[in-house]
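Q: Here the structure of chain P is known, so what remains is to put chain E in place on it, guided by the hints.
Number of protein chains: 2
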Amino acid sequence: MRAARVLAPLLALLASACAQPPAPDAAIGPAVDLVHYELVDLSHPYDSDTVYWPTAPSEFELTELAYGETEGGYFYAANLLSTPEHGGTHLDAPIHFAAGRWTADQVPLERLVGPAVVIDVGERAAADADYRVSRADVETWEERHGAVPAGSIVLLRTGWGGRWPDRASYLGDDTPGDASNLHFPSYGEAAARHLVETRKVAVLGVDTASIDHGPSTDFIVHQIANGANVPGLENVANLERLPETGAWVLALPMKIAGGSGGPVRIAALVPR
Amino acid sequence: MRAARVLAPLLALLASACAQPPAPDAAIGPAVDLVHYELVDLSHPYDSDTVYWPTAPSEFELTELAYGETEGGYFYAANLLSTPEHGGTHLDAPIHFAAGRWTADQVPLERLVGPAVVIDVGERAAADADYRVSRADVETWEERHGAVPAGSIVLLRTGWGGRWPDRASYLGDDTPGDASNLHFPSYGEAAARHLVETRKVAVLGVDTASIDHGPSTDFIVHQIANGANVPGLENVANLERLPETGAWVLALPMKIAGGSGGPVRIAALVPR
Numbered sequence: 171m172r173a174a175r176v177l178a179p180l181l182a183l184l185a186s187a188c189a190q191p192p193a194p195d196a197a198i199g200p201a202v203d204l205v206h207y208e209l210v211d212l213s214h215p216y217d218s219d220t221v222y223w224p225t226a227p228s229e230f231e232l233t234e235l236a237y238g239e240t241e242g243g244y245f246y247a248a249n250l251l252s253t254p255e256h257g258g259t260h261l262d263a264p265i266h267f268a269a270g271r272w273t274a275d276q277v278p279l280e281r282l283v284g285p286a287v288v289i290d291v292g293e294r295a296a297a298d299a300d301y302r303v304s305r306a307d308v309e310t311w312e313e314r315h316g317a318v319p320a321g322s323i324v325l326l327r328t329g330w331g332g333r334w335p336d337r338a339s340y341l342g343d344d345t346p347g348d349a350s351n352l353h354f355p356s357y358g359e360a361a362a363r364h365l366v367e368t369r370k371v372a373v374l375g376v377d378t379a380s381i382d383h384g385p386s387t388d389f390i391v392h393q394i395a396n397g398a399n400v401p402g403l404e405n406v407a408n409l410e411r412l413p414e415t416g417a418w419v420l421a422l423p424m425k426i427a428g429g430s431g432g433p434v435r436i437a438a439l440v441p442r
Numbered sequence: 171m172r173a174a175r176v177l178a179p180l181l182a183l184l185a186s187a188c189a190q191p192p193a194p195d196a197a198i199g200p201a202v203d204l205v206h207y208e209l210v211d212l213s214h215p216y217d218s219d220t221v222y223w224p225t226a227p228s229e230f231e232l233t234e235l236a237y238g239e240t241e242g243g244y245f246y247a248a249n250l251l252s253t254p255e256h257g258g259t260h261l262d263a264p265i266h267f268a269a270g271r272w273t274a275d276q277v278p279l280e281r282l283v284g285p286a287v288v289i290d291v292g293e294r295a296a297a298d299a300d301y302r303v304s305r306a307d308v309e310t311w312e313e314r315h316g317a318v319p320a321g322s323i324v325l326l327r328t329g330w331g332g333r334w335p336d337r338a339s340y341l342g343d344d345t346p347g348d349a350s351n352l353h354f355p356s357y358g359e360a361a362a363r364h365l366v367e368t369r370k371v372a373v374l375g376v377d378t379a380s381i382d383h384g385p386s387t388d389f390i391v392h393q394i395a396n397g398a399n400v401p402g403l404e405n406v407a408n409l410e411r412l413p414e415t416g417a418w419v420l421a422l423p424m425k426i427a428g429g430s431g432g433p434v435r436i437a438a439l440v441p442r
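Residue numbers (the working numbering), protein chains in the order written: chain P, 171 to 442; chain E, 171 to 442.
In short, the hints are calculated from the structure, not lab data.
In this text, a Cβ means the ideal position worked out from N, Cα and C, and glycines have one as well.
A few of these clues could be false.
[Claimed, not checked] Facing chain E, according to a computed beta carbon distance under 8 Å, are these residues of chain P, among others:
1. 207
2. 255
3. 268
Chain P extracted, bound-state conformation:
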């Protein structure tokens, strides 16, 4: 058995060279893979068209403080901004609907960086503007991709992002000061319980104005998520550019001490 005598050590050597994991403290390459992934912006801009809840006391305001050549001979521009926390692409910190839970500055960064789980209910939402994602919808996703991973950032894709910033079609009603006749899709209670309580996801996001659907009056999904210290991401943009699985999300909110939420810039790393 000459072959075996030669083979055994050679194969062992080759196998060990190729299977060896990197040492934890070694130089291990980039922490952010920009070679195999592209960055996709999931935030709408803040401007005079930005959509706010109809009962918001004000909207996004940018006040010019300076713009032009100075006495010093250089150009200089600066502004002052004002916004309610909950408009545009924003974070719902857990305290938004749950006393004693994390404020905007307290949400750990680890909860805001994670694998994206994109659940598409575009067809059902197109047929029913008040559609609520069911537990069965989530299970259909799980049949294709496996259980929703703990710590993932769930992004519900209803197709409503394409209606931004037309308020009448995005919110279902554009009567200022009146939130009693809104129509848009979002999560349902059983789906939210499954994702938050069983799957232990980190974040619930959606491409509509709320993680509760338009007609909600008890905001049960907010209560479930925020009560479990799970933040929301609302008015998320460009979800049509994400695969159902395989992307990563980085959601970095303005660090408002004691804030109930606020502006958040969301980037996705999407496989090229």
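A: For chain E alone, kept in the frame of chain P given last:
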């Protein structure tokens, strides 16, 4: 040569299985390495202590809109915020000091995610509060680590982060409305030209209030950087937790349409 006849195809099979690079569209593992890297928050919070330029017309204001139990039987909290763009841990968009350059919403995300280059001048700054980083300081870094990579995010560590939010020691003077007697360290002109024009870095950041040192009246580093579409990051926090090289920075600013800058949440991925 029975051994060779057996060996050749076996070795070829094993080598191909182990050396094969991942296909570009295959599942290729995490885009963000949270196993070998930890997330470090490089943003100070926005609160009533947040440091603004002494001539800012206002500071950070959080106005409570709601806090407590509602008639619906659930808890609800919401606020309204107001801030000049250039206070706290914030972005200087290139248009801040350069007409026609990128506004806050226009800076590509690719410029805001990159390898961190941390240049420490703590000793020199401790001896001279008006210290400006020289080209020689940058070259000393380059002797140890190689040329500053194109596209990197340079973070100047002066030690001033430890003085936050004490205005008198952080700015050198806490007289409201008077910016004529400020003292803190930052970049010098030759270092900025080397980094921006020769090394083609993506961002200049610093743990003081400005990428120009306190006594500056011509803001030449702003002019150089912003003129080349290079944004600034000012009042960066926790730089003592970063190595000189090997970390990654994710700086995601509020997406203010036409903004000259604004609040930015900065996270670093630091090797464990």
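Q: Let's test the interface hint: is any C-beta of chain E closer than 8 Å to that of residue 255 of chain P?
A: holds, 5 Å
Q: Do the numbers back the hint for residue 268 of chain P, that is, is its least Cβ distance to chain E under 8 Å?
A: Since chain E brings a Cβ to about 6 Å from residue 268 of chain P, closer than 8 Å, the hint holds.
Q: Given residue 207 of chain P as an interface hint, is its Cβ closer than 8 Å to any Cβ of chain E?
A: Check passed: Cβ of residue 207 of chain P comes within 4 Å of chain E, closer than 8 Å.
Against the hints set out earlier in the document, no violation occurs for any number.
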